[in-house]
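Here the structure of chain V is known, so what remains is to put chain P in place on it, guided by the hints.
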Amino acid sequence: MAILRRGLCWAVVGILLLAAPVRAEEENIRLAEQKIKAGLIYNFLKYTSWPAESMATEAPTLTFCSLADSGFDNILRAMQGRNVNQREIQFRVLKGGEGVSTCHALFVGEERAAEWAALRKERTMTGLLTIGDFSGFAAGGGMAEFFYDDKKVGVRLNIAAVEAARLTIEGRLLRLVTVIRPGGE
Amino acid sequence: MRSKTWMLAMAGIAFSSFARAEDVDPFALSPEQLFNATVSSVSRTAEKLWDAPAAVYVLSSEDIRRLGATSIPETLRAVPGVQVARVNANSWAISVRGFNTGLANKLLVLIDGREVYDPLYSGVYWDVQDTMLEDVERIEVIRGPGASLWGANAVNGVINIITKSASDTQGGLVSALAGNKETGTVGVRQGGAFGADGHYRVYGKYLSRDNEKWPNGINGEDEWDAYRTGFRADWAKVESSQFTVQGDAYRSHTGQIRMVPTLTFPYSVPTEENIHAEGINLLGRWTRDYDDGAQLIVQGYVDYNFRNQYTLKTGRTTLDLDTQYELPYMERNQIILGGKYRLSGDDLSQNNTGIITFDEANRLDQTLSAFIQDKITLEPEKWYLTLGSKFEVNDYSEFEVQPNARLQWHPDENQMVWGAVSRAVRVPSRLEYDLISVTGVIPPFPPFLPNPISVDLYPSPGFDSEELIAYEIGYRRKITPEAMLDTTAFYNVYDRLSTLRLGTASGPVGSPTHVILPIFITNDTTAEVYGGEAVLDWHVSSDLRLSAAYSYLNISMHGPPSNVAIDAEGDEDESPQHQFNVQMQWDVTPEVTVSPTFYHVSAAPGLGIDNYERLDVNLEWRVDENVSLSLVGQNLLRSDHREFGNEIGRSVYGQVLWRF
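Line by line, the protein sequences give chains V and P.
Under numbering that gives the first Met the number 0, the first residue of the first sequence is numbered 0, with each subsequent residue one higher.
Under numbering that gives the first Met the number 0, the first residue of the second sequence is numbered 0, with each subsequent residue one higher.
Please note that a few of the clues may not be correct.
Unchecked claim - Residues on chain V that point at chain P, a partial pick, calculated with CB under 7 Å:
#1 Ile35
#2 Asn42
#3 Ala117
#4 Ser134
Said to hold, decoys possible - Straight-line C-alpha distance at most 20 Å; calculated PhoX-like pairs for lysine-lysine:
#5 Lys150/V - Lys477/P
#6 Lys94/V - Lys120/V
#7 Lys477/P - Lys381/P
#8 Lys180/P - Lys212/P
#9 Lys381/P - Lys150/V
#10 Lys477/P - Lys120/V
#11 Lys381/P - Lys151/V
#12 Lys163/P - Lys94/V
It should be emphasised that the hints constitute simulated quantities derived from the structure, not laboratory data.
All values derive from a computational prediction rather than experimental measurement.
Note that CB positions come from ideal geometry on N, CA and C, so glycine has one too.
For reference, chain V alone in the conformation it holds in the complex (with noise of 0.2 Å):
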């Protein structure tokens, strides 16, 4: 008896202690829309290598600019401070396009499509990671591109516009994304 009931006893261990991993990887994490999308920032400026020259040697920091809405920047500004790659991540929000050629990464809102337009007709994008949050801004010359698809957030990837800007993306963050190749369209 003794002997049957320790042994359902650890069946039942083992099954939780079974089920507990497998359960935390695809267990269902919901958040707000604008937390997934900071989130995958983060780590785009985690996963993305700059040319030498564009980055300073000793203390170098991450310059992570936003041409958005003040809601979505205060989410944004999060992440002033923290370390990516050794390097510290400096926030700033952009008035008008002056300041863009100190950014190592920029995200452009809806709001300031037009701005964006315009800024990027006249200058070179290199050593600039840009990310935008609406439909149009890969095959526009964009870089990264939030989507919202069946309750997930996407993101497309301009993998030309990338290599143009001399910027190097992990394997690991290639795999979850959406290649697109909009020389063709």
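Relative to chain V, chain P alone:
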């Protein structure tokens, strides 16, 4: 026993591995987890302009600075569909889509959620709304009814003035300006932080402005000086909860020349009037965001204001409580509901001029209102239908229902079409119900009229709400990625508009002997107003932005003839039919910007106003990251012109902005 403990421990470990959404730090998640996460609520940023099924125009803080305006009414000139007519140095007649008088009563104006509409005079006293423009985040103007979730009186539109959050106004700021008409304005603001994540700001402002001229050239006695101070604090006690407390106090002196009716020659005397106004307000707001996408807002404010004019002194205290709740995220519906309670008490006393008299010196009015709105997704990314209604119970009219329906269609990602039908009402005020006022005296004309006639407005408690049914459509298009076109057209049908109906004359009575001709306010006029607005906004390059706006307005009124009512169809010619403006925002160098704005406003023959052009230019030099200097010229084309009342002159001023 030991095995039991083990089991419990194992169970504990197993259960604790289920993360709870509220506690998750997005920056700690792996990319795989983020791509796999389910969206619990779609982003709620201020509804993107592009997606709004309404005629909306937003002035950003950058736009406000570039326009070089020194007061909120002046910034509104750039907004299509808004008629801004400066009456004199300290007051403006502002309306949306017609019916503009100094007491335009069909417009709802809010500053951070607080109504600044005076129910006694059915209008906004702009001379006491001189917030520091540097602390204004944006001004949203919604033309047409129904787009506001709040209140009767948002008949023709809503002007929503939103100040910057305290975290966006940190550090010190001093703004000083002076010029020929702007005799001196200084504003000082200091912002700081407190606690773990709280921010505050405190400001003080003094303004003074020179007089304008009366049409016959004499001094208009309309100088203006005002003191204002206030604060704002924002903080979050727990995550997802935000608190705001803000308040202002002000004192203002203005003046004007008032034509005072008298029973003796000359029967209308220009009299210099000194106006003294002061007030204080305090507002608190709590916003709670839930992870399932729900949002709850609870707001309350207290507002006391006092005004002493030639005719009477008024003190008013208002208490307003409102709540708004957006239901948790649903795939096909976005539902918001809310309720409001408002208590407003006034205290009137005469100024021995006999122009305005009343029976009750004090009145306490209550209003209870509610709304519900549902945005239904008919086809994701393509078709949406918004249905809503407002309900109101108040002391002046019966139960009011104001429904509206909006349909929007996105044919592709570069175009958007919308249409709307709404009903709105303008509720009567104490002005119509309670006051007796002498509006004018008709001089005697022997032998037909041996005595002067005093035309007196009498209380009209039978006056009903005015009603509007509005039909609107709009089309937006991204012509190129840098240029956007936004067009709207509307057809407004008004019913039960206020009409000044002649009563039966009585007399002669009194000393000096005169006849009394009473007039009553009735609802005997109807009107159809149609028109449209178009805006083209073009980012030519990252240094140059051009925008152009055109508005058209056509008013037809139908009221009783002049032997029965006074000037029933007068509003037809009192609003300009065409308005046009072009704005340029040009960054000549990274430090120097030039922003000229040109306006053309067509005539208002009913008021004797000719058409006029106006050119304003703002030259700004950013000396370094803390100091900038501006030189602004307003009304540069002519030495003066009339917009509504007094001659408005050319104004040039210089401004220093210093941040520390």
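Hints, one by one, checked against the model:
1. Ile35: This interface hint holds because 5 Å falls under the 7 Å limit.
2. Asn42: Holds, because the Cβ-Cβ distance from asparagine 42/V to chain P comes to roughly 5 Å (cut-off 7 Å).
3. Ala117: holds, 4 Å
4. Ser134: holds, 5 Å
5. Lys150/V - Lys477/P: violated, 27 Å
6. Lys94/V - Lys120/V: Status holds; Cα separation ~18 Å.
7. Lys477/P - Lys381/P: holds, 16 Å
8. Lys180/P - Lys212/P: Since the Cα atoms of lysine 180/P and lysine 212/P sit roughly 12 Å apart, the hinted pair holds (cutoff 20 Å).
9. Lys381/P - Lys150/V: holds, 17 Å
10. Lys477/P - Lys120/V: holds, 17 Å
11. Lys381/P - Lys151/V: Distance ~19 Å between lysine 381/P and lysine 151/V Cα, so the pair holds.
12. Lys163/P - Lys94/V: holds, 15 Å
In this structure, the one hint that does not hold is number 5.
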